[in-house]
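Colleague: Listed below are the residues making up each chain.
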Amino acid sequence: MGAAVPDRGRIQGAVASVAGFVLLTLLTFIGLLAITFFIGRVIPIDPVLSVVGDRATQDQYDAARAAMGLDRPIIVQFIDYVGAVFRGDLGRSISTNRPVAQDLATVFPATLEMATLGILIGVGLGVPLGVWAAARRGSWIDQVIRVFALLGYSVPAFWLGLVGLAVFYAGLGWVAGPGRVDIFYEGLVDPVTGLMLVDAAIARDWEVFWNALAHLLLPAAILGFFSLAYIARMTRSFMLDQLGQEYVTTARVKGVAEWRVIWTHAFRPIRVPLITVIGLSYAALLEGSVMIETVFSWPGIGNYLTVALLNADMNAVLGATLVIGAVFILINRVSDVLYRVLDPRSR
Amino acid sequence: MSTTRDWLLDDSPASRLQASLGRSYRMLLALSRNPLAVLGAAILLILLLTAAFAPLIAPHSPFGQNLGARLLAPSAAHWMGTDELGRNIFSRVIYGARITLMIVVLVAVISAPLGLLIGAISGYFGGWIDKILMGLTDVFLSMPKLILALAFVAALGPGIENAVIAIAITSWPAYARIARAETLTFRNSEFIAATQLLGASHLRVITRHILPLCTSSMIVRVTLDMAGIILTAAGLGFLGLGAQPPLPEWGAMISRGRTFILDQWWVATMPGFAIILVSLGFCFLGDGLRDVLDPKQGGKS
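If you read the sequences in order, they're chains A and B.
Sequential numbering of the first sequence, starting at 1, is according to full-length UniProt numbering.
Sequential numbering of the second sequence, starting at 1, is according to full-length UniProt numbering.
It is worth saying that the hints were derived from the structure and are not from the lab.
Do not rely on the hints blindly, as some may be mistaken.
If you anchor each label on the Cβ, the simulated ranges turn out as follows [claimed, not checked]:
1) B:Y25 - A:I141: 34 to 44 angstroms
2) B:A42 - A:I141: 20 to 30 angstroms
3) B:L277 - A:L310: 24 to 34 angstroms
Since we're looking at a predicted model, the values are computed, not measured.
Note that beta-carbon positions come from the ideal geometry of N, C-alpha and C, so glycine has one too.
Chain B with its partners taken away, still in its complex shape (with noise of 0.2 angstroms):
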């Protein structure tokens, strides 16, 4: 074990492999001595096995209707009670998951690669590519997110794929900003000039020299503002615009718990600690991360 430790830890690397995995290990390590984000990784690794092993997790199907059992009160048999039709709110809740892995992963996978090009672009060329690039990305950013969401679902009609596209076209611009500023403080360094005079393409400069040096700064960005997109989300399946019933979307639960809030009020809650607890695991990994990857920010709040 020793000396798997000591060949990653070496401080000259004979390989490009060694070094990054050796550079992995560090962050890994530092990460693992902040409490706070080692609690918040293993919410999102909870998550992780929960949406992959829903079947086996859950007691009952989500979707399984049992009117003789409706609007039960949390018990042994059902752990968080059940819903006006009879259903296990638990293995809802169980199953929800998936749909808010789904969500979060397509949101990241979409707008973040778009912002990082946007910003990445608008940085290295300069000049008027970027003052209109950065013209369309600060209008965007000055807009209310939610209220913008909002509008581009109702063109869009509701449901959970134009959720996804609605809540990716409000988030991008923060990460063109992101990308914008980490290219300028490199634009004009050394190794880019040189890898322009060996003659590679502007393609190839930002893709295989740029963007990589913009991802660790992305990755602590999407991270915190995950807890932002998961809220949204709940929000639009809250007001009937994103997933659809009988979909077992949190925000959904919460919208048809609505109406026994008064009398049976777990039907709305539990769910609701369910957002809570994963939004909380984003923000505390995304802290942690930014103390990691990102020290410059980091310390201050």
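Isolated chain A, as found in the complex (with noise of 0.2 angstroms):
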């Protein structure tokens, strides 16, 4: 019978956790777009006259600064403002003339698909090598984990990124330079989704797709590094506090092979925190992106955010800076919400 009556105290805890959850990234988001607020229209030392030039009259300048909608209400340009960003529109850009939401929309893909194999690398082999060094805790290979995550605290993205160049494109010819693809492979297929691998591949163009990975393979790497650090480090730790608990030493008394109590006993209940690890590192990878794209001309969202703020083209700094701090804000949030929903103990 218990189980067909809901659990009240449960239900409310799992609706004020919903409720909270949805409260919380409602604010960040608002607190998002009101530092973008603040930085495009307070601390510029006057907008209207980057407008109009320094030569207007008195007459024009008020024109332009009540079309602008500077006279009113900071509080009501605000609201503006949210309303014009929910509807899309983030402005025009200055260097490439069109909308910052059509630029952004082209951009994005590339970005989405250098950190998507980067994530791949820094999980694939950080997870491995982090169990690996918690097994063997002193051993050589838990040496390397803990140089590698000193590494990944200590050395610039960028400066990785042209020693790279260097080492693998130029010294040793293994992957191809900066950009996409090479240039006459350019335009061959067609941008069904942006991300240029799966494109080449709907499209049977193998040629393409393996200079398109040539081309994505030492940035990904790259990225992946820094990921592939944080995520081995924390894979470790979490792995030591399992291997130190009684179960473990139990299930090793019975005689259970070592690599079974490593991988079925130990492993299990470390998934869940894991995921909130790579969950993270995504959203880091989506940060890091800015230095590697603009060392590898990566047409991503990055380089165009860069190339934006070189050009002081404002309404493409801060569309930019909004889809970056959402994206992020929002793996941040459902990452947490996974671990609550996964694990047992917060149910």
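Reconstruct the complex from the two isolated chains, following the hints.
Modeller: Next comes the structure, spelled out in structure tokens:
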């Protein structure tokens, strides 16, 4: 009977946590919008002057000011700004002369492709290495992980990108150079998804596919290195916690094979916290891609942002900041929720 | 010598000075037993000395151009080679230590007290003040720091001062969180109540009794964060938004060397080693300090 009656406390708890999640996410987004609004409208000394120039008459100046809506109270301006953002209107870029939202939609898949391959490398190598290091605590592999983690904190990503280009592209010739594909492959496949590898596979143009992969490999591997360093260190620390528990000793005493102790006993409980770690490092990759894309002339959102920064193209800067910030917050919040849903102790 | 040592390690110190000196001495002893922490401290000491005595150490002027000696490979005359204007890269890296040190100190001096104060006020008063301040902190914490710093620099204009401001704006929230957590642990303890009963103002309780107790965990966190701050500052320099040429800032130097990376690799590579070395120094020292000052957190990773 007990199973049929819904547990009231549990439902209330779930509703409260969902409401709390929605509220916090909403507040964070409003905070993000407030910051971009503040940066765009408040910090610049006089946004009107930058439009009309300093030789405009007072009448022209006032007219432009009214046309830009800057004569109204700041809170009204902010609400207008939020409304425009929700309609997908991020203003016009002065360097591409297209709507910023349209620009961002074009460049975003390139970043997504690189960050996704990066996180696949980071998880695919980082998790096994972390488990290995924990199982052989104090061995050479443990020391290697330690060094990796330290380098992940202290090596500039842009520097590693340049050194990688010098060594693997110019020196050894193992990978292709900057850009997404060689110039004579450009525009050969239709941009269905915007992801070059997927598009080439859809078009069954394997020549383009391999060329795109050769270009993607190095920047993705460098991004992957930074998430590998973090994921391996966290995996190692989670595993060490588990391996010190009594149930592990019990399993060992019972004579369970060591690989079974590690993978089926100790590894299972850490899958949940690992999801959060992976989510966090995926979000960090989006941020790291700003530097890497600049080094590799990768036509993604990071490169778009830095080009806009150098041209003082504020609409483009704020639009890109908003999109990266929103994706970053969303990934953070979703991995947080996944953790709560998947971890039986928090139910 | 041994009498000084006995005086420092006395179990029943006779004065406040003796007690605090003894405490520092014990921490120094504990720190010196950690080889990585000693290595980190040594690296940072070298950074300090390099910055202080740059004119004596550098063999050439950091700005002196010599177009006849452009892009020379590392040799006995030019340990790290020369750049596209024939400037000695080693000298520029040496002078760059001053800029890095200045950035790091300024960011720490701005953001740590700011975070400390916000966190302490939040934890001490509680209620709606806490809700508002921590809401603000959480909003900042969940933003990508580098992107936010980039956007701030874009609005403020490129330059080293604005880079410092932008990095400081994005790094205080973590300190506010720590200070609040620390404050909450002793907010309701008896010594605070006693001070309040003696008629001490809120300001006095916070500045004289709460903030000093937050400093040790703050020092640990700031030291550990330094590597990230150096990387962000170098990144801003690399993108042309931080220190402007001809200043020998390491990130900006890497940016100039980017053009020559395929043939004259040393121009971009050498300043990178300096960044890595100093960042590692802060990581090592931070780890060691954490074990000594904040044993609760240590030992896990």
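Colleague: With reference to the structure, classify each hint as holding or not holding.
Modeller: Hints versus structure:
1. B:Y25 - A:I141: 34 to 44 angstroms: For A:I141 against B:Y25, whose Cβ atoms are near 38 angstroms apart, the range 34 to 44 angstroms holds.
2. B:A42 - A:I141: 20 to 30 angstroms: For B:A42 and A:I141 the Cβ distance comes to about 28 angstroms; the hint holds.
3. B:L277 - A:L310: 24 to 34 angstroms: holds (29 angstroms)
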